[in-house]
Amino acid sequence: MERLIIVVVFLPLISALLIQLFAGRIGRSVARISVVFTTLSFILSSVLLALALMGSEIQTFPLGSSVAALLFDPLSILLATIILGISLIVHLYSVRYMAEEAAYGQFFVLLDLMTAALLFMVLAGDLITLVISWYLVGVILYFLLGQDTRSQTAYRFAFWTLITYRIGDLPLILAAALLYNAYETWSLKAIFDAIMANPDAHQVLGLPLTHVVAGLIGFAAFARSAQFLLHTWLPYTMDGPTPVSALMHAGIVNAGGFLINRFAPIFIHSGDVLNWIFIVGLITAIFGSLLMLTQNDIKKALGYSTMGQMGFMIMECGVGAFSLAIYHMFAHGVFKGTMFLSAGGVINHARQDDGIPKDELYTFAVEKRPNKASQPWLLMAAVTLAVPLVILVFAHLLIAQDYFHKQGAIVLLFFGWVTGAQLIFATYRMRAQNIWRLVGLSILSLLVVVLGYVFISHAFDLFLYPDPEFRAQLYSAATIDLLRFDVLVGIVTLTVVAGWVITYFGERSGYYRRQKSKRLWLNFYALISREFYISDIYTRLTRLILSISGRLNVWLRWL
Amino acid sequence: MPDLLIILLASIFLPLFPMSMIFNIILDKIKQCWLRALLIIFWPLIGLLIVLNSNLDIPDWVLPLALSTSFLYSLRMLTLREVNQWSGFLATSFWSLLWLPITQGVSADILYWFAVSISMPLVLLIVLSAGLEKRFGAAYTGLYGGLARTIPRYAGVLVIVVIAAIATPLFPTFFIMLDMVVETVSNKPVAALALLSIWLLWSWAGARLIQGLIVGRASKNNIADMNLNTLSFYSIVLIVLIGSGVYLGGVIL
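Note that the protein sequences, when read in sequence, are chains A and B. The first sequence runs 1 to 559 under the working numbering. The second sequence runs 560 to 812 under the working numbering.
Treat the hints loosely; a few may be bogus.
[Said to hold, decoys possible] Computed Cβ-Cβ distance ranges for the label pairs, DEER-style:
| id | chain 1 | residue 1 | chain 2 | residue 2 | range |
| --- | --- | --- | --- | --- | --- |
| 1 | A | V334 | B | V675 | 45 to 55 Å |
| 2 | B | M580 | A | L4 | 55 to 65 Å |
| 3 | A | S517 | B | P623 | 55 to 65 Å |
| 4 | A | L527 | B | L702 | 37 to 47 Å |
| 5 | B | I584 | A | V334 | 51 to 61 Å |
| 6 | A | P208 | B | M580 | 37 to 47 Å |
[To be verified] Among chain A residues calculated to face chain B with C-beta under 7 Å, some are:
| id | residue |
| --- | --- |
| 7 | L136 |
| 8 | R150 |
| 9 | Y155 |
| 10 | L162 |
| 11 | Y180 |
| 12 | N181 |
| 13 | T185 |
| 14 | I491 |
| 15 | T495 |
The hints are simulated quantities; they were obtained by calculation from the structure and are not laboratory data. Idealized CB from N, CA, C, for every residue including glycine.
Can you build the whole structure from these sequences, using the hints too?
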């Protein structure tokens, strides 16, 4: 039965081929072929997921007599089902959304090829299939983003995506080559078994092979998941069709989290690399969120929002919460996909209601509503800080008593607490008639979200990594020494609390600032609004390389 | 014949800078499409014949020079706008890498297969370039653009051929590059890094070429697109190329 995984992968390929062959004859009906095949593939994949949930064994299925093989394990089948689910929604949405496009058939061919490439990527049982599918995702995305061949801008930013993805392909190729040279097999299962048996058997340039490979895999994941300094393509690739944006933000960009999870048996022997991954994820989450808040272009803001989320996902891997990253990937995929696909509806709504927030004078004078009553700040601060903490601790205690022994879990709990407190803090600033009702509803929703999150992520943990010893190894690999950990938590806590205090008092005093600090603030704002000049630096660098190329050609007389 | 002279002779056909310029001068002078295609097919084969039949002891400096030549031409490809010249530079960049498997003692059969596999997409590109010259007077990026709207079939084939030439999966060129990286990464890591950067530059140059040709508004003139028979021919050749790529991958990896 598990062998059906081969059918799941090939159905989108067959669909692409049929559309290419019959597009000229059946016109716009080609979309039906694509939808039917994707639906079939999704149903089959769901059946196989159910089998895996019932405890089906991990199996490898060779593709013919080649080295290529498909791997049936909880991670691969779960992600295949998620990809097919999102792809099916995007297909259904595109049937009408893309109806006016000249290259309607070609769009569905590319969409099916992308689905197939993503499926091969998550189901790859060997390094060659993984490298090929990883590479092809970038190439197909380039053409999907450049669907409108009249638009130079679309292609310009599609190129940014392509080149970043190619930069990310290279470390994966290097890692694959190193692993093959060391273990003389392309099979992922055989390599992981050998590493688990003897992790320090090989060295590269005087370093343990597992560390070097983990570093390279981490770098490949950074490029694919738009981590800081490799992120510039993400906020700018908004000229592609909306369904492509949805697929990209809901699925493709998450591939970094998948890759780190796939190589988990290597990462448990590379604790230092996991610490670096955590730092990169943390920086990305902070910068992504910061840049999101300062964008006046809603599409770029969405792009930076995804960047922040990807940072958080990579950070989860960095603290050893690998399965949580997969759940995050799934939850973010559904959330962001919904946002993109409902963008048209939002625009329509905005045409009827401008959505400009009313100020207090307007509310009082025109709408005849009294201003919000001021609440004692000490009480509100206590509620803000205590309630999320109580909810989080309670929820986690329900799941596992030893949860608080894991350093990574404490870090995530800390972020959960800050986010929960931020949520309640934000409600005070809303102009509600009954602030306590709003706070109550926020706490209730926080409780539901936290309980759901904790229970589902725990279920993901048990499903993806059923071996408790392996799970414990993942967390312990990511552990840092206690002093560094305490200092880090202390600094972040102080920064967050200082931020709240400044915002609170700033709002009370009407954001009055002295001239000197105002100038400093404006400079900081300018820096953020120019996105830290990172794109400008890359543009300069690109021009420099092109200029060198041109000069060389002139000197060598174009020969 | 002394080794140095043989290497000097071979470096014309398996390009090493500055001898690499000879091939590009000849390609520039030839105006007939079929002659260009023949030149691209046979040029590296002559080089391989010379090297493989000479019992040559290849000195250490050849490999760094070969990698530098390949890098130089891949860098220079970025600002080329003429399609024939672009094909010539890619050929030069790719053929010079053949010194790598030669020094590693790869069998003659595989080396000839490598050479033909590298040349095939370039031959297709040369033929397509001639078609553009016939239709527009020149095969030049950024000059007219909009091929995807003006002649969509032609543009589609052109894009796939460029993709095949710059070592994209599942074409043979991809497996050749992957094999070279696998063979060098452990004992010559610097060479592996050089290979990867050359590969990256090809992708960049390829994307620039594609964008300069296919993106833009449709031409107002009525330009004939590729007919269905020619499209079928190109499709079959490309499918064969993919098939041979997968087979080659199975053989060498």
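Hint-by-hint comparison with the structure:
As the Cβ distance of V334(A) to V675(B) is approximately 49 Å, the hint placing it in 45 to 55 Å holds. Hint check: M580(B) to L4(A), Cβ distance near 57 Å, so the stated range 55 to 65 Å holds. For S517(A) paired with P623(B), a C-beta distance near 57 Å keeps the hint of 55 to 65 Å intact. A C-beta distance of roughly 40 Å is found between L527(A) and L702(B), which places it inside the suggested range of 37 to 47 Å.
Between I584(B) and V334(A) the beta carbon distance is about 59 Å. The supplied range of 51 to 61 Å therefore holds. Judged by the Cβ atoms, the range 37 to 47 Å given for P208(A) and M580(B) holds: they are separated by roughly 46 Å. A distance limit of 7 Å between C-beta atoms decides the matter here; for L136(A) the minimum to chain B is near 6 Å, and the interface restraint holds. The restraint placing R150(A) at the interface with chain B holds, with a minimum CB-CB distance near 5 Å, inside the 7 Å limit.
Look at Y155(A): its Cβ gets to within about 5 Å of chain B, closer than 7 Å, so that hint holds up. For L162(A), the shortest C-beta to C-beta distance to chain B is roughly 6 Å, which falls under 7 Å, so the interface hint holds. For Y180(A), the suggested interface contact is upheld, since its CB lies about 6 Å from the closest CB of chain B, less than 7 Å. The closest approach between the C-beta of N181(A) and any C-beta of chain B is roughly 4 Å, which is under the 7 Å cut-off, so the hint is satisfied.
Hint on T185(A) is violated. Least Cβ distance to chain B is approximately 11 Å, over the 7 Å limit. Taking 7 Å as the C-beta cut-off, the interface hint given for I491(A) is violated, the closest approach to chain B being about 37 Å. Interface hint at T495(A): violated, since its Cβ lies 38 Å from the closest Cβ of chain B, which is beyond the 7 Å cut-off.
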